[in-house]
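Chain residues, written in single-letter form:
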Amino acid sequence: MTVELTAAPTRPPSKTSRRAGTAARQHIMGWAFVGPFAIVFLALLVAPLLYALYLSLFQNQLIGGERFVLFDNYLKAFTDPDFLDGAWFVIRFSVILIPIQMAISLAMALVLDVVTTAFARFSRLMIFLPYAIPAVIGALMWGFLYSKNFGPLAEIFGALGATAPDLLSRELVFFGLLNIVIWQWAGYYMIILFAALQGIDPTLYEAARIDGANQWQITLRIKIPLIMPALVLILVFALIGTLQFFNEPQILRYLAAGAIPSDYTPNMYAYQQAFALANYNYGSAISFALGAVVFVCVYIFLFATRKRGSFLS
Amino acid sequence: MTTAPLARRGRASRHLPLQILLGFLLVYFLIPFWWVIVNSSKDAAGLFGGGSALWFAGEVDYLGNLIDLFSYDGGIYLRWLLNSTLYAVVGGVGATVLAVAAGYGFAKFRFGGRRIGFSVLLGSVMVPTTALVIPTFIMFSELGLTNTIWAVILPTLLNPFGVYLMHIYARDAVPDELLDAARVDGAGELRTFAQVALPMLRPAIVTVLLLSIVSSWNNYFLPLAMLSDNRLYPVTVGIGQWQGIASANNAGGTSLWSIIILGSLVSVIPLVIAFLTLQKYWQGGLAIGSLK
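So the protein lines, in turn, are chains H and C. Using full-length UniProt numbering, you'd call the opening residue of the first sequence number 1 and step up by one each time. Using full-length UniProt numbering, you'd call the opening residue of the second sequence number 1 and step up by one each time.
No wet-lab data here; the hints were simulated from the structure. We put the beta carbon where it would ideally sit given N, CA and C, even for glycine. Some hints could be false.
[Stated by the list, open to error] Label pairs and their in silico Cβ distance ranges:
1. C:R115 with H:F275: 37 to 43 Å
2. H:R25 with C:G244: 55 to 61 Å
3. H:L50 with C:I20: 38 to 44 Å
4. C:L190 with H:A207: 54 to 60 Å
5. C:D172 with H:A164: 40 to 46 Å
6. H:E206 with C:L86: 15 to 21 Å
7. C:D172 with H:G158: 42 to 48 Å
8. H:E206 with C:G244: 55 to 61 Å
9. H:A118 with C:L143: 25 to 31 Å
10. H:P261 with C:G113: 43 to 49 Å
[As the list claims (entries may be wrong)] A few chain C residues that don't get close to chain H, going by computed Cβ distances all over 12 Å:
11. K108
12. I149
13. L211
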C-alpha cells in the first residue's frame with residue numbers, strides 16, 4: 001500500500017482513485033480479481049520453469065543416482081550435433097517461412113480490405129478456416145495429399161507431363177512442412193491484419209485522395225504504417241510458433257518414412273530424450289534452453305521495434 | 001463525412017483481377033478439405049485402387065465408413081470426441097473465466113504489485129508453451145496427476161495472452177466513470193463487475209473463449225506427453241496413434257486409412273461450425289490485440 005501511495009503521483013490522476021479511502025479497497029479488489037489467475041500462473045508457468053531449471057542442473061548416473069553437474073547439460077546440448085542440427089533446421093525454417101507467411105497474409109488482407117463483394121467475404125472466411133483445424137489433422141491432410149499411394153500430385157503432374165515432386169522425401173520435406181504451416185496460419189494472420197485495416201478511419205483515405213494519392217500510395221503510406229502494431233504482433237506469433245515446432249513434423253514422421261528423424265526439431269529432441277530415453281534432466285535442459293532462447297529473441301525484437309509496436313507499452 | 005463508410009462501400013469495389021486471384025487462393029486453402037471429403041467416401045479399394053484422388057470412386061459409402069469409424073476398437077472414437085469436448089469446454093471456459101477476471105483486475109484497479117505483475121505477464125506471453133510440457137509432466141508425475149483428465153485440463157487454464165487481450169479491451173471499452181457511478185449508487189465491486197462491466201466486455205469474452213477452446217481442442221503435445229491410457233486421449237492424439245499404426249504395417253493397415261480420413265473430417269466439424277456461427281464476434285475481437 002505504501003508502494004501504491006508513493007507511486008500514485010507519477011501517474012495521471014485516475015478517476016477511480018479519486019475518492020478517499022479507495023486505495024486500500026483498490027488493492028484488495030485488484031488482487032481478488034487477479035489472484036486466481038496469479039495462482040494458476042505460479043503453479044503452471046513459474047513452477048515448471050523453475051523446476052526445469054533445477055532438473056537441468058543434474059545428471060542421472062547409472063551408478064550413484066542424481067549428481068549435481070551445474071551447466072554440463074547445457075554444454076552438452078550446445079555441442080550435441082543432434083540438437084544443433086535441429087536448432088539449425090528451425091532457424092532456416094523461420095528465416096524462409098516468416099517473410100513468405102507475412103507477405104501472403106498482408107497481401108490477402110490488403111486485397112480483402114479493398115474488394116468488398118460477397119465472394120470476397122466468403123473467401124475471407126474460407127482462408128481463415130485452416131486455423132480451426134488441429135495442427136495434427138492439418139498435417140495429416142497434407143500428408144495424404146503428398147502421398148504417392150493416394151495423393152493427387154502424381155495425377156496432376158502426370159496430366160502436365162511431369163513427374164510429381166515427392167514432398168515426403170528427405171530433400172523436399174522441408175518444403176512440404178513449409179506449405180503446411182503457411183496453409184494453417186496465413187488465414188489467422190490475415191484476419192488480424194484485416195481487422196486492423198478495418199479499424200483505420202476511412203476519412204484518411206478521402207483526405208489522401210483529395211491530395212492526389214493513388215491506391216498504391218494510400219496502401220504504402222497510410223495503410224501499412226498504421227497497421228504496424230498488428231504486423232509486429234503476427235511476427236511475434238510466427239517467431240514463437242516456429243521456434244517450438246513439434247506437431248507437424250511429429251505427425252509427418254510416420255508418413256515420410258525416414259525423411260524426418262525423431263530429433264528433427266529441438267522440441268522433438270527434448271520429447272525423445274524425456275519420453276523415449278527417460279533422460280529427464282537432459283530433456284529439461286533442452287526445454288529450458290529453448291524457452292529461454294525464444295524469450296530472449298522475442299524480447300530483443302520487441303525492444304528494437306518498441307516505437308512502432310504497442311505490445312510492450 | 002458521416003457518409004464516408006457508405007460511399008466507400010458503394011464505390012468500385014469489384015476489382016475483377018483481384019477476385020480471380022482470390023479464386024485461386026480459395027482453391028489452395030480448400031483443397032485439403034475437398035480431398036478429405038471426397039476420400040472419406042471410399043473404402044480401401046477405392047483409396048488405393050488408382051482412381052482419381054480428387055474425385056469420388058465408383059462406390060460412395062459414407063454411411064458404411066461412419067459405422068466402421070464409430071465401431072472400431074469398441075467405439076473408442078466417440079470416446080475421444082467426448083474427451084476432446086470435455087477438455088476443450090472445461091479448460092477453455094476455465095481459462096476464459098480466469099482471463100476475464102485478471103484482465104479486468106489489471107485494467108481497473110490500482111493495486112500494489114500491479115505494474116510488476118503485468119510486466120511478468122507480458123513476458124510470459126513469449127514463453128513457448130511446449131517448453132513447459134516436459135517439466136509440467138515431471139511435476140505432475142510426482143503428484144500422481146499424470147494419465148488423468150486433470151493433467152490435460154489444468155495446464156489449459158493458463159492463458160496469459162487471453163489476460164493481455166482482456167486487459168486492453170477492458171481498459172478501452174469500460175469507462176471508469178460508469179464503474180464509479182455504479183459504486184456511488186451503492187453497488188459492490190462484484191455487482192459492478194457483473195452488471196456493468198461484463199456486458200460491455202462481451203466481444204472480448206467471446207474471442208478469448210473461442211481462442212481458448214480452439215487451442216485446447218487442437219492440443220497435441222501436452223496430452224501426448226501426459227496420457228498413456230488411450231481411453232483418455234483427445235481426438236488429436238487418438239488419430240495420431242491410428243495413423244502411426246496404419247503407417248507401421250504398410251499393407252495390413254490399409255483398412256484403417258479410410259477411418260482415419262473420415263475420423264479427421266468428423267473431428268474438424270465442431271470447430272468449423274463454431275467459427276462459422278460465431279464469426280461476427282471473433283472477427284472484430286481479433287483486432288483487440290493488434291490495435292492501440
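Status of each hint after checking the structure:
1. Range check, C:R115 to H:F275: Cβ separation about 40 Å, and the 37 to 43 Å hint holds.
2. Range check, H:R25 to C:G244: Cβ separation about 57 Å, and the 55 to 61 Å hint holds.
3. Evaluation of the 38 to 44 Å hint for H:L50 and C:I20 yields a failure: the beta carbon distance comes to about 55 Å.
4. At roughly 47 Å, the beta carbons of C:L190 and H:A207 sit outside the given window of 54 to 60 Å.
5. The hinted window of 40 to 46 Å between C:D172 and H:A164 is violated, with their beta carbons roughly 51 Å apart.
6. Taking 15 to 21 Å as the suggested C-beta distance range, the pair H:E206 and C:L86 does not conform, at roughly 52 Å.
7. Range check, C:D172 to H:G158: Cβ separation about 56 Å, and the 42 to 48 Å hint is violated.
8. In this structure the hint that H:E206 and C:G244 lie 55 to 61 Å apart at CB holds, the actual value being about 58 Å.
9. Checking the proposed 25 to 31 Å range against H:A118 and C:L143 shows it is violated: the Cβ atoms sit about 54 Å from each other.
10. Look at H:P261 against C:G113: about 46 Å separates their beta carbons, and that is inside 43 to 49 Å.
11. With a least CB separation of 7 Å from chain H, C:K108 falls inside the 12 Å interface cut-off, contrary to its annotation.
12. For C:I149, the shortest C-beta to C-beta distance to chain H comes to about 16 Å, beyond the 12 Å cut-off, and the non-interface label holds.
13. Non-interface status of C:L211 relative to chain H is broken: a Cβ of that chain comes within 12 Å, the nearest being about 10 Å off.
Consistency with the previously given hints fails for numbers 3, 4, 5, 6, 7, 9, 11, 13, ordered from lowest to highest.
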